[in-house]
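Spelled out from the first residue to the last, the chains are:
Protein chains: 2
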Amino acid sequence: MQFHHHGYVSGDPRIKPAAGVGINRPEELPEEVDVLIVGSGPAGMLTAAQLSQFPDITTRIVERRGGRLEIGQADGIQARSVETFQAFGFAEAITAEAYRITEMAFWRPDTENPQNIVRGGRALDDTVGISEFPHLIVNQARVLDYFAEVAANSPTRLTPDFGWEFQNLEVTEEGEYPVKVTLVRSAGEDTGTTRIVHAKYVVGADGARSKVRSAIGCTMAGDQANHAWGVMDVLASTDFPDIRLKCAIQSHDGGSILLIPREGGHLFRMYVDLGVVPEGDNGAVRKTSIEQITEQANQIIHPYKLEVRNVAWSSVYEVGHRLTDRFDDVLPEDIGTRNPRVFITGDACHTHSAKAGQGMNVSMQDGFNIGWKLAHVLEGRSPESLLATYSAERQIVAKNLIDFDKEWSTLMAKKPEEFENPSDLEDFYVRTAEFPAGFMTEYAPSMLTGTPTHQELATGFPLGKRFKSAMTSRVCDTNPMHLGHHATADGRWRIYVFADPAAPGAESPVAELAQWLATSTESPLAATPQGMDLDAWFDVKVIYQQKHEDIDINAVPSVFKPEVGPFKLTEYEKVYGVVEDNDIFDVRGLSRDGVMVVVRPDQYVANVLPLSATDELAEFFAQIHAELPKKATA
Amino acid sequence: MQFHHHGYVSGDPRIKPAAGVGINRPEELPEEVDVLIVGSGPAGMLTAAQLSQFPDITTRIVERRGGRLEIGQADGIQARSVETFQAFGFAEAITAEAYRITEMAFWRPDTENPQNIVRGGRALDDTVGISEFPHLIVNQARVLDYFAEVAANSPTRLTPDFGWEFQNLEVTEEGEYPVKVTLVRSAGEDTGTTRIVHAKYVVGADGARSKVRSAIGCTMAGDQANHAWGVMDVLASTDFPDIRLKCAIQSHDGGSILLIPREGGHLFRMYVDLGVVPEGDNGAVRKTSIEQITEQANQIIHPYKLEVRNVAWSSVYEVGHRLTDRFDDVLPEDIGTRNPRVFITGDACHTHSAKAGQGMNVSMQDGFNIGWKLAHVLEGRSPESLLATYSAERQIVAKNLIDFDKEWSTLMAKKPEEFENPSDLEDFYVRTAEFPAGFMTEYAPSMLTGTPTHQELATGFPLGKRFKSAMTSRVCDTNPMHLGHHATADGRWRIYVFADPAAPGAESPVAELAQWLATSTESPLAATPQGMDLDAWFDVKVIYQQKHEDIDINAVPSVFKPEVGPFKLTEYEKVYGVVEDNDIFDVRGLSRDGVMVVVRPDQYVANVLPLSATDELAEFFAQIHAELPKKATA
Ligand SMILES: Cc1cc2nc3c(=O)[nH]c(=O)nc-3n(C[C@H](O)[C@H](O)[C@H](O)COP(=O)(O)OP(=O)(O)OC[C@H]3O[C@@H](n4cnc5c(N)ncnc54)[C@H](O)[C@@H]3O)c2cc1C
Ligand SMILES: Cc1cc2nc3c(=O)[nH]c(=O)nc-3n(C[C@H](O)[C@H](O)[C@H](O)COP(=O)(O)OP(=O)(O)OC[C@H]3O[C@@H](n4cnc5c(N)ncnc54)[C@H](O)[C@@H]3O)c2cc1C
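Each protein sequence line maps, in turn, to chains Z and E.
All letters in the first sequence, in the order written, are residues 1 to 634 by full-length UniProt numbering.
All letters in the second sequence, in the order written, are residues 1 to 634 by full-length UniProt numbering.
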């Protein structure tokens, strides 16, 4: 965590000094806003937390509910989400209060006595080191709380506007704030009064029944039928021995349970499978009582017993596999001729079963994707065309997810005798572990993702996938550090310069690149406005092949040690060496001739280039930067 | 973190439900309090945070200052302090914002060009794995903030009473609240008005010029002369390459600097040695200006240069090696005939140089020692005689510290040519590393510390030293866990039962012990009042020699799985197995026949006993428990 470079501030460094629109933020919803977010679920709150970091952008988030979410909804947190929380500064805090999954157990009917279940197997949650972050279970409400804290402590002091329901919008294509939004007060004394807000952009994060989606004429397509689960968060007494373990439990008659132990050591959630809801059900399934659910749970876990002592939350969760074909307001025929003004994210554009624990996670990644793009366009860093990449990138991710989820749900719903091999379920779980952990997203080449021409220089940083951190040693303070953990959600592009074998001071490709980055008018850094710190838009780090004690920090080129803040203090935390026995060059398959890895603000690898590829680097950013003229291909 | 066993509570689990005296806590200082703490420095705040956990104890902490500390004072945080923060729940949060020491550099005059300094060596901060916790640097103000947060979020909702200065006290020996304390308002509109508060106990944590100390007739003895340092917390520009590393810098003319990089990546502290202050100095040294300090710093670091750009704090810190001979109000001649009512802690009873970074750390351990003892006596768990152990235990710790500190300061003050070996300083630092890390405290046998009769059964848990955690595997959720990290500052005694080789279910010494603990009237657990959870006073954990997957939790004796809370939920988090490749039995030298390790609420090992030693266990607690009759030695 870096702070104090603007002078010593006594107090919590997580509370940033108010700046820009945060200095006198109006309590009341203003008439004009840069971004209006609808819905304060995971997708909306992440988008808000991201945008709140930009002092000059007015973002408001309206929520139909009168206050914060208190109970229920999702609770599975993939490692990728925890990685994202790390970028927002609360991974450790939420981990400390969450349940951590290290193993999962699979229970099935005893072949001798099929009316009894027996533990069939255990699977480690992450056998291959998919991530250094854990797989957690914690209520959605707490996730939202943490994002709310980040936003409230941000320079813009953003807090949700509760008690406002979105009704409709119109994209007028007129003036600076072309989206005209109608809101209705949904809580408080003035319930029912309407209000018009004019926005530059609208993000619909209003869940599965999204009105923003309807307003832009999107429809959800997919299976007609929903799958229903009886869900209960309960405190109970039981002799089922794995009650504190995530379990998939299948009984002899096909009834099955997904057991999710919860935060705090006592609470747990059970998803009792209620099967596919027939089309003409008309909500009958939703009348399944908690007693019925408990009764069925007891039948499934026979010979064990469950006595519910306290119900924290229960619901019949009904969901189908549905997806919209676009995530913004640009009709297929208009792609390329106009840029989007309205976006939909999360459950508003895709829904899927709860079994793979994806809903909240994928929704947050939607928010992470759109957040920085809106900020860069609003700040004038990037052309409006950047916004078209949101739908293009995320729609396919959602589609892949739904395909995966169907496979997983089908497997989970199978009767034991239908499996060729009793460990099929377990095998599938282990084999596809990268998926539910949230790391299968791989963006295709586009204006934001280079072509894999030089991928062999950095095999461990696949283009289009999220930058997977590894250990390095920070030279200035000799601290061993995860290189990627400095990639906070500050909206900056990152260029990791992995050096050639020369030590700093010697003539070398890195020294030449450093010179070019710092001085060339074609350098992406040249786009940084006058008066800002050299690293305000680009965080450029260097990783030498030496150990920290063999690196003379005084000899390191200045682009890696910019002067920052009003006192022009040297920023020392961008210079790294390798750690013994865990050399990042080996661990991530990096060329010993050196390589540049360009990473997006949302942590995805955008480009992999040789150290000498200054032309290609300039060209790549020419498309992304608003101001720089496009350079012809060399 | 465990919660929700009283039912689901939506919100931050760190904010505990208000209870007892916290439900309608008066804003105003009441006339009668159980404990009055004077001074909100590290010693006072830890004591307050500890006492705040007890719903039925009224604790108030008065502070002369009008508000929180903002800058200055100490900043070195030993691993033992971070371990303590872990017990209070904020180790991770403070670590995230602190500077972390992994190496220290030693600079000395270049033998060729003595006017220049050169890096003489580097030492790893913790070469031998003294602790799993880091060594940190962060301002004292932040440490106090975190303790304040713990106290404010506690069941008793304790917050400091700012703007009250302690004037005097009188131990009347009358009534329930025998200590009569006079306070004067030191801030606010009513400055100067006095107030009498009657307390059961008073803790003087009012720093080096303690008035509580004077009031109980203690005097500080030690060196007449003080040592002075010019201290500055600054933002600066420099070409000194190790500016982000802790450094001991010795120049050719004997001038020396201790450089402490600070939190946030830019700020650093320099202690410039101003030497021993002659007795008749009359404060002249305190007039040393920041310019003079900077000037001297520049001379010492030649050929490097330092340009200060912003001064956050500076001071001339003058301190001697001083110690009182008692830490409470009981005169030597009265020991054994009356119990103490007034205690002094921290700088009020011992002062030492800043060089070993001890002041804040040892002061906090004073507070950790007295806190639970006061609570146990006030709650009637323990006899008043328990309170006499505070002075007995902590005075000797302070004495040892001062002896160590003298040696270290003398070494640091030596001119390079006075060393036999140029690496003497470095060698001493590495050799004695356990001391400054805070782990050399070893309480002698007493009513709280058993005799080492059975020490060989657990060589890695020396009696009287703090319980050094090791990895285990929690059976219920298969999480690998540091066993000791469950030892939160909840005032409970802990009994770790390391099992014999039998698995649960079989007849075994552990099964017998479990039976005795749960049912015998002589069991320490029998002291737990009716109606409370079985683990309210004693946290009894079992660690089997098996791996978690080989332990049947249903077969584990019930004393290790008590039913807790209003819903009588099974507490599953007390049953552990070993982790592969890091077996706690090997790592801590535990007997394979099993062993009981008894640990105090402040984390020190109180007793090591064979599994069969129920008599010795009963006898040990007979002295500590107020109610149980003393049992004759078997
Ligand atoms: C009742 C319920 C139970 C669920 N249970 C599970 C579960 O057991 N397991 C699981 O994995 N997932 C579950 N989910 C799904 C999971 O919570 C979602 O996948 C995830 O929350 C998606 O995040 P989101 O931000 O896209 O939408 P949501 O979290 O649904 O957030 C949408 C927000 O928009 C608000 N909103 C809606 N319409 C408007 C409007 N017109 N104007 C203003 N605000 C509006 C809503 O109040 C809500 O706060 C459940 C969802 C619901 C609603
Ligand atoms: C100005 C200063 C600079 C220091 N610099 C360093 C340093 O550079 N390095 C280092 O290692 N250590 C330094 N120390 C020492 C270090 O801060 C102490 O060792 C540590 O704070 C001891 O903790 P404590 O709780 O015992 O006392 P303190 O932290 O001194 O706390 C005592 C508290 O009691 C309050 N108080 C005092 N008298 C009364 C009264 N009559 N009534 C009510 N409240 C009262 C004070 O305002 C203060 O808040 C410094 C101390 C001071 C005062």
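A portion of the hints provided could be inaccurate.
Unchecked claim - Think about it this way: if two alpha-carbon atoms lie no more than 25 Å apart in a straight line, the pair counts; the simulated BS3-like pairs of lysine-lysine are:
hint	chain 1	residue 1	chain 2	residue 2
1	E	K305	E	K287
2	Z	K211	Z	K180
3	Z	K305	Z	K399
4	Z	K547	Z	K561
5	Z	K305	E	K561
6	Z	K465	Z	K16
7	E	K305	Z	K561
8	Z	K211	Z	K200
9	Z	K305	E	K16
10	E	K287	Z	K568
11	Z	K468	Z	K561
12	E	K16	E	K561
Claimed, not checked - Stretch by stretch, here's where chain Z covers chain E in the computed footprint (C-beta under 8 Å, at least three residues):
hint	stretch
13	9-22
14	306-313
To be verified - Here are a few chain E residues that sit away from chain Z, every Cβ distance over 10 Å (derived from the structure):
hint	residue
15	E97
16	Y99
17	A236
18	E318
19	L534
20	N554
Keep in mind that the hints were calculated from the coordinates and are not lab data.
C-beta atoms are modelled at their ideal positions from N, C-alpha and C, and glycine is treated no differently.
*Return the numbers of the hints above that this structure violates; sort them in rising order.*
Numbers 3, 6, 9, 10, 15, 16, 17 and 20 - these are the hints that the structure violates, sorted from lowest upward.
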